[in-house]
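Trainee: Listed here are the chains, written in short residue letters.
Number of protein chains: 2
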Amino acid sequence: MKIETKIAHFSSPLYLESGRILEPYEIAYETYGEPNDDKSNVVLVCHALSGSHHVAGTYEGERKPGWWDGLIGDGKAIDTNKYFVVCTNVIGSCFGSTGPMSANYPSEESYRLKFPVVTIKDMVRAQMQLLSSLGIYHVRAIVGGSMGGMQALQFAVDYPNFADDIISLAATYATRPWTIAFNKVAIEAIRRDPRFKQGNYEKNAFQEEGLDGLAIGRIAGHISYLSPTSMDDKFGRNYVSNDGLFELFGRYEVERYMEYNTNNFSRIFDPLSYLYIVKAINTFNLSRGYDSLHDAISRIKANVHLISFSSDYLFFPSEMEHIEKMMQRNGQNHTYIEVESNYGHDAFLVELDKFEENIREVLK
Amino acid sequence: MKIETKIAHFSSPLYLESGRILEPYEIAYETYGEPNDDKSNVVLVCHALSGSHHVAGTYEGERKPGWWDGLIGDGKAIDTNKYFVVCTNVIGSCFGSTGPMSANYPSEESYRLKFPVVTIKDMVRAQMQLLSSLGIYHVRAIVGGSMGGMQALQFAVDYPNFADDIISLAATYATRPWTIAFNKVAIEAIRRDPRFKQGNYEKNAFQEEGLDGLAIGRIAGHISYLSPTSMDDKFGRNYVSNDGLFELFGRYEVERYMEYNTNNFSRIFDPLSYLYIVKAINTFNLSRGYDSLHDAISRIKANVHLISFSSDYLFFPSEMEHIEKMMQRNGQNHTYIEVESNYGHDAFLVELDKFEENIREVLK
Numbered sequence: 001m002k003i004e005t006k007i008a009h010f011s012s013p014l015y016l017e018s019g020r021i022l023e024p025y026e027i028a029y030e031t032y033g034e035p036n037d038d039k040s041n042v043v044l045v046c047h048a049l050s051g052s053h054h055v056a057g058t059y060e061g062e063r064k065p066g067w068w069d070g071l072i073g074d075g076k077a078i079d080t081n082k083y084f085v086v087c088t089n090v091i092g093s094c095f096g097s098t099g100p101m102s103a104n105y106p107s108e109e110s111y112r113l114k115f116p117v118v119t120i121k122d123m124v125r126a127q128m129q130l131l132s133s134l135g136i137y138h139v140r141a142i143v144g145g146s147m148g149g150m151q152a153l154q155f156a157v158d159y160p161n162f163a164d165d166i167i168s169l170a171a172t173y174a175t176r177p178w179t180i181a182f183n184k185v186a187i188e189a190i191r192r193d194p195r196f197k198q199g200n201y202e203k204n205a206f207q208e209e210g211l212d213g214l215a216i217g218r219i220a221g222h223i224s225y226l227s228p229t230s231m232d233d234k235f236g237r238n239y240v241s242n243d244g245l246f247e248l249f250g251r252y253e254v255e256r257y258m259e260y261n262t263n264n265f266s267r268i269f270d271p272l273s274y275l276y277i278v279k280a281i282n283t284f285n286l287s288r289g290y291d292s293l294h295d296a297i298s299r300i301k302a303n304v305h306l307i308s309f310s311s312d313y314l315f316f317p318s319e320m321e322h323i324e325k326m327m328q329r330n331g332q333n334h335t336y337i338e339v340e341s342n343y344g345h346d347a348f349l350v351e352l353d354k355f356e357e358n359i360r361e362v363l364k
Numbered sequence: 001m002k003i004e005t006k007i008a009h010f011s012s013p014l015y016l017e018s019g020r021i022l023e024p025y026e027i028a029y030e031t032y033g034e035p036n037d038d039k040s041n042v043v044l045v046c047h048a049l050s051g052s053h054h055v056a057g058t059y060e061g062e063r064k065p066g067w068w069d070g071l072i073g074d075g076k077a078i079d080t081n082k083y084f085v086v087c088t089n090v091i092g093s094c095f096g097s098t099g100p101m102s103a104n105y106p107s108e109e110s111y112r113l114k115f116p117v118v119t120i121k122d123m124v125r126a127q128m129q130l131l132s133s134l135g136i137y138h139v140r141a142i143v144g145g146s147m148g149g150m151q152a153l154q155f156a157v158d159y160p161n162f163a164d165d166i167i168s169l170a171a172t173y174a175t176r177p178w179t180i181a182f183n184k185v186a187i188e189a190i191r192r193d194p195r196f197k198q199g200n201y202e203k204n205a206f207q208e209e210g211l212d213g214l215a216i217g218r219i220a221g222h223i224s225y226l227s228p229t230s231m232d233d234k235f236g237r238n239y240v241s242n243d244g245l246f247e248l249f250g251r252y253e254v255e256r257y258m259e260y261n262t263n264n265f266s267r268i269f270d271p272l273s274y275l276y277i278v279k280a281i282n283t284f285n286l287s288r289g290y291d292s293l294h295d296a297i298s299r300i301k302a303n304v305h306l307i308s309f310s311s312d313y314l315f316f317p318s319e320m321e322h323i324e325k326m327m328q329r330n331g332q333n334h335t336y337i338e339v340e341s342n343y344g345h346d347a348f349l350v351e352l353d354k355f356e357e358n359i360r361e362v363l364k
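Protein sequences, first through last, are from chains R and E. Sequential numbering of the first sequence, starting at 1, is according to the numbering used here. Sequential numbering of the second sequence, starting at 1, is according to the numbering used here.
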């Protein structure tokens with residue numbers, strides 16, 4: 001299938017949870033498959049911190065497919081022969097939706113640190129606007145992992161009649177201090193990097209040489225996406241063969257992996273967007289705006305499917321179980337599985353074969 | 001008791017595992033209590049990454065006692081009425097023993113990055129020299145947690161007849177990639193900090209304004225020393241009351257804790273020492289120099305006491321159990337307890353009441 005990114009322009013204001021507004025704003029998105037006549041076959045997919053709207057298919061001339069390509073396509077668990085799949089780039093991101101490097105209209109200057117804080121609630125509201133603009137007022141399902149799973153749950157709470165099914169993977173009901181602490185490494189590393197210049201760096205300043213602060217913060221991120229056991233399996237105590245064991249900066253394989261991935265990442269991801277998205281993750285709390293978590297959860301009318309991963313060291317299975325127990329006590333429709341996996345948090349991206357049948361079942 | 005740091009000077013070479021030598025070298029140490037006539041009452045205590053030889057008592061005019069003061073003293077688990085307690089500063093450190101900022105004799109210039117890599121084996125060998133210089137050729141017990149626990153185990157393997165009892169807390173048999181990854185944050189953050197100047201910073205350059213790279217690396221460290229649950233208990237999702245929730249750099253309590261502790265630390269700890277000690281931790285592997293881990297463990301003649309902590313996210317209980325099972329199969333004298341604690345790796349420093357009786361029992 002031919003894949004292309006579309007940009008929707010909105011001139012009406014987006015009211016943010018902070019009380020500030022975003023006006024005008026744009027949302028980048030992709031769609032796969034075709035809507036049926038009554039648009040009753042829409043599946044919305046929500047992306048995670050470093051992801052984008054490019055969830056499936058491969059751009060012409062490129063080799064790397066979208067981040068959940070294994071799950072979405074012809075005959076796959078989210079079958080594009082049956083479903084019209086929509087994925088948007090979250091506001092605040094750097095892949096086409098309005099973010100801190102966008103122009104602060106009517107000025108042509110980038111917002112930078114003047115960009116308003118956005119929350120998971122705001123990301124969800126923006127997606128509602130996008131779907132409305134496409135004439136979609138109800139969806140068959142909303143699916144997402146990690147920050148995408150937060151969005152799926154936030155949809156379920158804020159817009160109880162909007163989706164039939166909610167599938168949330170590797171997420172939580174509110175971000176715990178453990179995760180906030182991992183994000184703190186990135187926040188401090190970016191802020192204190194002299195090349196960050198309090199956000200006043202040149203556009204594309206880091207395309208050649210990524211921002212060290214972002215790369216360093218991303219190492220902490222990668223730790224939280226893996227697990228002790230997955231690192232044992234993947235790297236063990238193997239040493240990079242050309243590095244001497246008694247050289248101070250000689251490296252273990254795990255160190256080389258961290259260097260390689262994070263240096264690449266720091267060339268393609270905007271550090272201001274990283275700060276804003278991390279802030280959205282930190283402030284995620286399903287109960288905010290409601291009397292209690294119980295009050296928030298009780299609003300849900302969709303059938304909620306919670307999927308956790310046994311070795312997830314970022315959002316632990318116990319956090320999903322907390323939601324599960326609450327829904328169970330309330331007699332709300334839901335399913336819960338804890339997938340056995342050694343891959344840590346990353347499992348939602350790499351161990352598709354362990355949960356794709358569950359998604360297929362929901363969409364049957 | 002009056003506490004003072006002593007410095008022992010050695011003009012003979014210290015042969016390092018790398019094949020390099022340290023000559024001359026100095027070891028800073030403290031002692032508490034008095035040796036008996038035949039010096040059969042010596043207890044050696046080994047410190048962790050950020051620790052020093054100042055393990056007990058309080059310096060005149062200061063308020064903060066040594067890092068294990070609750071365990072060592074008059075009538076305490078390691079009773080200074082009975083035992084002569086010795087604690088040395090590891091080589092490579094910045095608290096008085098020879099390290100990267102020491103003069104590279106015969107030059108008066110600091111070693112800096114020319115300092116040889118030192119290992120846990122080397123730290124242990126240096127302590128053997130110090131004890132020999134004090135006329136101590138056998139000790140009643142060796143006790144340590146984290147990197148100190150690694151040293152205790154390394155003593156047990158390398159010098160099987162040297163100690164009657166070995167007490168190793170919150171340690172492992174070989175550092176896993178999980179821990180190496182946490183250390184990688186510090187290594188990269190320090191190296192890439194422009195003020196680090198490839199190690200050629202002015203002496204005392206960071207006393208007023210700590211090195212950002214060290215502070216950032218230390219945030220990752222603190223994550224690994226705590227646990228998800230301890231952070232829930234300690235901070236929850238509490239927000240710093242003066243910071244607005246929708247300010248980008250507004251902070252959760254856990255973030256303020258990280259800032260406060262790591263900024264302080266970066267003013268008092270030398271970044272080169274941090275890199276060298278982290279390298280020693282990364283390269284720790286009891287089996288190196290022996291045919292296998294089993295071969296190394298089989299050498300042990302001391303009675304080994306292994307203490308792990310249920311919520312330790314840096315060195316997991318399963319790692320201590322691995323040693324335990326091996327000793328059990330070999331029929332070697334040992335005990336093992338997993339202490340129930342929410343405090344994570346830090347438990348070995350803060351939950352003394354949960355294991356002090358075990359130490360008292362060993363020393364009875």
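The set of hints was computed from the structure by calculation and includes no laboratory data. Treat the hints loosely; a few may be bogus.
[To be verified] Calculated pairs, SDA-like style, for lysine to any residue (alpha carbon to alpha carbon, straight line, at most 20 Å): (1) E:K82 <-> E:E361; (2) R:K197 <-> E:G250; (3) E:K114 <-> R:K114; (4) E:K197 <-> R:G250; (5) R:K203 <-> R:R112; (6) E:K114 <-> R:L248; (7) R:K197 <-> E:E247; (8) R:K64 <-> R:Y260; (9) E:K197 <-> R:E247; (10) E:K197 <-> R:R195; (11) E:K234 <-> R:S318; (12) R:K234 <-> R:Y257; (13) R:K114 <-> E:N41; (14) R:K197 <-> E:P194; (15) E:K114 <-> R:R251; (16) R:K114 <-> E:H9; (17) R:K114 <-> R:Q129; (18) R:K197 <-> E:L248; (19) E:K82 <-> E:N41.
[Claimed, not checked] Part of the chain E face toward chain R, derived, beta carbon under 7 Å: (20) S18; (21) V117; (22) G135; (23) Y137; (24) A181; (25) A189; (26) I219; (27) V254; (28) L352.
By construction, the Cβ of each residue, glycine as well, lies at the ideal position given by its N, Cα and C atoms.
Trainee: With reference to the structure, classify each hint as holding or not holding.
Mentor: Status of the hints after comparison with the structure:
no.	hint	verdict
1	E:K82 <-> E:E361	holds (14 Å)
2	R:K197 <-> E:G250	holds (19 Å)
3	E:K114 <-> R:K114	violated (46 Å)
4	E:K197 <-> R:G250	holds (19 Å)
5	R:K203 <-> R:R112	holds (11 Å)
6	E:K114 <-> R:L248	holds (9 Å)
7	R:K197 <-> E:E247	holds (19 Å)
8	R:K64 <-> R:Y260	holds (17 Å)
9	E:K197 <-> R:E247	holds (19 Å)
10	E:K197 <-> R:R195	holds (16 Å)
11	E:K234 <-> R:S318	holds (19 Å)
12	R:K234 <-> R:Y257	holds (10 Å)
13	R:K114 <-> E:N41	violated (66 Å)
14	R:K197 <-> E:P194	holds (14 Å)
15	E:K114 <-> R:R251	holds (18 Å)
16	R:K114 <-> E:H9	violated (58 Å)
17	R:K114 <-> R:Q129	violated (23 Å)
18	R:K197 <-> E:L248	holds (16 Å)
19	E:K82 <-> E:N41	holds (7 Å)
20	S18	holds (4 Å)
21	V117	holds (4 Å)
22	G135	violated (32 Å)
23	Y137	violated (29 Å)
24	A181	holds (5 Å)
25	A189	holds (5 Å)
26	I219	holds (5 Å)
27	V254	holds (4 Å)
28	L352	violated (24 Å)
Going through the hint list in order, the structure does not satisfy hints 3, 13, 16, 17, 22, 23 and 28.
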